[in-house]
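Next come the chains, spelled out residue by residue.
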Amino acid sequence: MAEAAYTVASDSETSREEKSSCTFPETTIGIDIGTSQCRVAIWNGSQVEILKNSRNQKMMSSYVTFKDGTPSGELSNQLSADHDMLSGAAIFNMKRLIGRVDTDPVVHSSKSLPFLVQTLDIGVRPFIAALVGNFWRSTTPEEVLAIFLVELREMAEIQLKRPIKNVVLTLPVSFSRFQLTRIERACAMAGLHILKLMPEPTAVALLYTLYAKQSGFQSTDRNVLIFNMGAGYCDVAVSVTAEEAPRGISEIIALTGSAIGGEDLLQNMMRHLLPNAENLLTSHGVDEIKSKGLLRVATQNAIHSLSSQNSVQIDVDLGNGMKICKVVDREEFEEVNRAVFDECASLIIQCLHDAKVKPEDLNDVVLVGGCSYIPKIKNLVMNVCKKEELYEGMNPLEAAVSGAALQGYVASGVHDPFESVDVLSIQVTPLSVGIRADGNNFVPIIPRNTTIPAQREMLFTTSHDNQAEALVIVYEGDGEKLEENHLLGYFKIEGLPPAPKGVPQVRVMMDIDASNVLRVLAAVLMPGSHVPINPVLDVRMPTVDDGHGWCAEALHRAYGATQDLVSVKRI
Amino acid sequence: MSKKKLLTPLSSLLLLRRTLTSTPHFSIPHFQSRTNFSPNIEKLRPLFPLPGFDFPGKSFISSQFGNKPNSPHCWNCSAAAQTTPFLLCPSCRCIQPVDHSVDYFQIFGLERKYDSVEEHLEGKYKDWQKKLHPDLVHSKSEKEREYAAEQSARVIDAYRTLSKPLARAIYILKLEGVDIDEEETLSDLDLLSEIMEVREAVEEAPNSQALNLIQSLMQEKLKQWSNSFAEAFESRNFEEAVKAIWQMTYYESVNEEIVKRQ
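Protein chains in written order, with this note's numbering: chain C, 1 to 571; chain H, 1001 to 1262.
Calculated directly from the structure, the hints in this document are not laboratory data. If you're wondering where the values come from, they're calculated on a predicted model, not measured in any experiment. Be careful, since some hints might not be right.
To be verified - Stretch by stretch, here's where chain H covers chain C in the computed footprint (C-beta under 8 Å, at least three residues): (1) 271 to 282; (2) 401 to 411; (3) 421 to 435.
Said to hold, decoys possible - Pair ranges (Cβ atoms, derived): (4) Q350(C) / E1176(H): 50 to 58 Å; (5) S1208(H) / V336(C): 33 to 41 Å; (6) S1141(H) / V106(C): 40 to 48 Å; (7) C1092(H) / P535(C): 34 to 42 Å; (8) N1212(H) / H108(C): 24 to 32 Å; (9) G1109(H) / V536(C): 46 to 54 Å; (10) H1073(H) / K358(C): 45 to 53 Å; (11) S109(C) / S1228(H): 26 to 34 Å; (12) E1220(H) / S215(C): 37 to 45 Å.
What the hints assert, rightly or not - Computed cross-link-like contacts, PhoX-like style, restricted to lysine-lysine with a CA-CA straight-line distance of at most 20 Å: (13) K358(C) / K1260(H); (14) K356(C) / K1140(H); (15) K1140(H) / K1130(H); (16) K356(C) / K1164(H); (17) K481(C) / K1260(H); (18) K165(C) / K1140(H); (19) K290(C) / K67(C); (20) K356(C) / K323(C); (21) K1113(H) / K1260(H).
Don't be surprised by glycine CBs; every beta carbon is placed ideally from N, CA and C.
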């Protein structure tokens, strides 16, 4: 068996200390790992250069195929990709699965993919496997991404003729911190050093800022809304680009995002084309995988056609006596996916609301990502933003990776005598972070859309008389219910002095530093004192690892409400 | 002790209707503490000594005692500081460590006056970010990257503080050595009942128009009290200034509640 192409790194290798060891200018590449496609780019000092693979393609499908125990990225075997997918040997859509547990609806919807995704529905990681001959070969999203990143790195090294280590990666807004650690792990396995992880629309905003600076608008501030929808995720950002000195700053005002994308459109359409498809979509027999693959390819092609024509003829033999012979028109497609489009519109409305920007105040609307070619998406973005036209200055498929490359160039400290790419992105937290308190509720401490770096503090107290211990359970997200948010970790404050409930003061401080590292600090004080009674607890989050889904429930079973905190009521 | 106060009928009523801000940045003063828990987050910071944190104590001690003994030098090229504030060395462009004796007004080259903050504050803030932001110094030494993180965080704090009238009022008063004393409010029952009424109106507002109406009322009040603060501060009548801060605090809290509902 051949040696794996990636290095297995220890967990500590993903830590920031390790990463900051490079101190001299090196080439930094930007990578946009999409759910279905990805790109690599470099900023050459004056413009972006999208790197091409050996077949001269700028866009590569995010596939890894498993053959005879040797996994390899799609870059080297595109021709067989469709065939591999039909045989169950190709693993893809890992960006939708990484860092998710098997109770997550996104994982459940991934069961219709033509390889094995198995769930036990208890909050552990799903079991994922590729079919190789007569074996299910198990893998993990991290492994698949690492294999793929190694191929991308090698491709960049061959083209740029120098070793590459530093990357700026773009990721969905809705990724939790736990998911980010999984991405960091995959990068470490691939020998890559992350300079920065950027939410996808903020990379686009940075590129927009550079273009605005170069073209020299005469107005004062430019509000721009970026809508980015790919196969796996939909993200929205509102950014302000100041036109007064200093120019070249993209200040992100609000971010919002969700795990909806082209994949959902595809699945809804597959179910529409083949009623009673549920059995087929959830089974993993060799024949069913082939049928699923055929259905998938046919549906995907039909959706692509519907972007440019009003109706399309679908004619496919799925085997086992299942045949689809049907004409589908655009209206039908839009009706089948109405819920997805509605959610897209509500994300834009939410983001404008958070940014306190009215549609009339938007100077530009930028629409990027693979789904931007869908007429309905274009229309709904223009409608909600009350615009007659969209910003035209960017390639929708290359905007995010170009922004990442630009950020990489700026961050690597390359001497820039003419200040031609003198740009800066001021980022905000995409998701709120807080703790469980006031019963089974989520109390945010750093709200979303807070400028990074940020420190915020809140005062809590005990919920029982003579409570000796208190659990600090840290969540991230913006769900109203606690369970809708991501559990990041937990720790216990011990040695609270005996006192009536409500008297001890538990101060919880959250700190997000410039590298986006979250720390949670907790101290206990008694009224009238400035000095914490015990050493202050200082915990770097996230602390959860695999199987974090059931941790919250396990805590609840073990402790009930005995170690609860309540927030201190204020007028 | 202070808990007893909590249980006076009026304040307990207020407590029930909490729903108020949980934005801890510039926390709203609360009844709980007669203790020394200032509602102001900055005062809490020495507890959690993280990079980028301010120790306001330091800053007004040195401003009270006037000039620093030596004018600072660049840690990298030893050039003497020619400017105040000295955040960045003009000769080698190295970012300097945080100097807590430089107050927020000095960072932006402003006079220490309540109304000296003009509209160019945002530009000045962004100017600093373009020089100090940690994203721009990835290739520099660990030491300088740390300075960048601290300086940049402090500039954000400074901007956030000075750009909001209430935060700015609390801050400028603190530079004069005056901390907000929460017991003050307990006596102002008129204000409390007024706020309770307003808040009830907010909760029962039938539509966004009604909310907007209350909001513009609140903003008017805020503006008035902000002017009273400026006057009181100018004439160094700190007692009146503190009173104005209390008023602003409550109107601001209602305002935040409205924003949440909008």
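Results for each hint:
Counting residues of the stretch 271 to 282 of chain C whose beta carbon lies closer than 8 Å to any beta carbon of chain H gives 0, which falls below the threshold of three, so the coverage claim is violated. Against chain H, the stretch 401 to 411 of chain C contributes 3 residues with a C-beta closer than 8 Å to a partner C-beta. That satisfies the three-residue criterion, and the hint holds. Here's how the stretch 421 to 435 of chain C fares: 4 of its residues keep a CB closer than 8 Å to some CB of chain H, so the rule of at least three is met and the hint holds. Look at Q350(C) against E1176(H): about 42 Å separates their beta carbons, and that is not inside 50 to 58 Å.
Distance hint check: the CB atoms of S1208(H) and V336(C) are about 34 Å apart, consistent with the given range 33 to 41 Å. Between S1141(H) and V106(C) the CB atoms are about 42 Å apart, so this pair conforms to the stated range of 40 to 48 Å. Take C1092(H) and P535(C): their Cβ atoms lie about 40 Å apart, and the range 34 to 42 Å holds. For the pair N1212(H) and H108(C), the beta carbons lie near 43 Å from each other, so the given range of 24 to 32 Å is not met.
Hint check: G1109(H) to V536(C), Cβ distance near 36 Å, so the stated range 46 to 54 Å is violated. A beta carbon spacing of about 50 Å between H1073(H) and K358(C) agrees with the range 45 to 53 Å that was offered as a hint. The hinted range of 26 to 34 Å is not satisfied by S109(C) and S1228(H), whose Cβ atoms lie roughly 59 Å apart. Against the hinted window of 37 to 45 Å, the Cβ-Cβ separation of E1220(H) and S215(C) comes to about 41 Å, which satisfies the hint.
Restraint check for K358(C) and K1260(H): the C-alpha separation of about 16 Å stays at or below 20 Å, so the hint holds. The straight-line distance between the Cα atoms of K356(C) and K1140(H) is roughly 37 Å, outside the 20 Å bound, and the hint therefore fails. A distance of roughly 15 Å separates the Cα atoms of K1140(H) and K1130(H); the hinted pair therefore holds under the 20 Å criterion. The suggested pairing of K356(C) with K1164(H) holds, with an alpha-carbon distance near 16 Å, which does not exceed 20 Å.
Restraint check: the Cα-Cα separation between K481(C) and K1260(H) comes to about 17 Å, which is no more than 20 Å; the hinted pair holds. For the given pair, K165(C) sits about 17 Å from K1140(H) by alpha-carbon distance, which is consistent with the 20 Å threshold. Among the hinted pairs, K290(C) with K67(C) is consistent with the structure: their alpha-carbon atoms are about 17 Å apart, no more than 20 Å. Distance hint between K356(C) and K323(C) is unfulfilled; the C-alpha atoms sit about 51 Å from each other, more than 20 Å.
For the hint pairing K1113(H) with K1260(H), the CA-to-CA distance comes to about 32 Å; that exceeds 20 Å, so the pair is violated.
Of the hints listed earlier, those the structure fails to meet are numbers 1, 4, 8, 9, 11, 14, 20, 21, in rising order.
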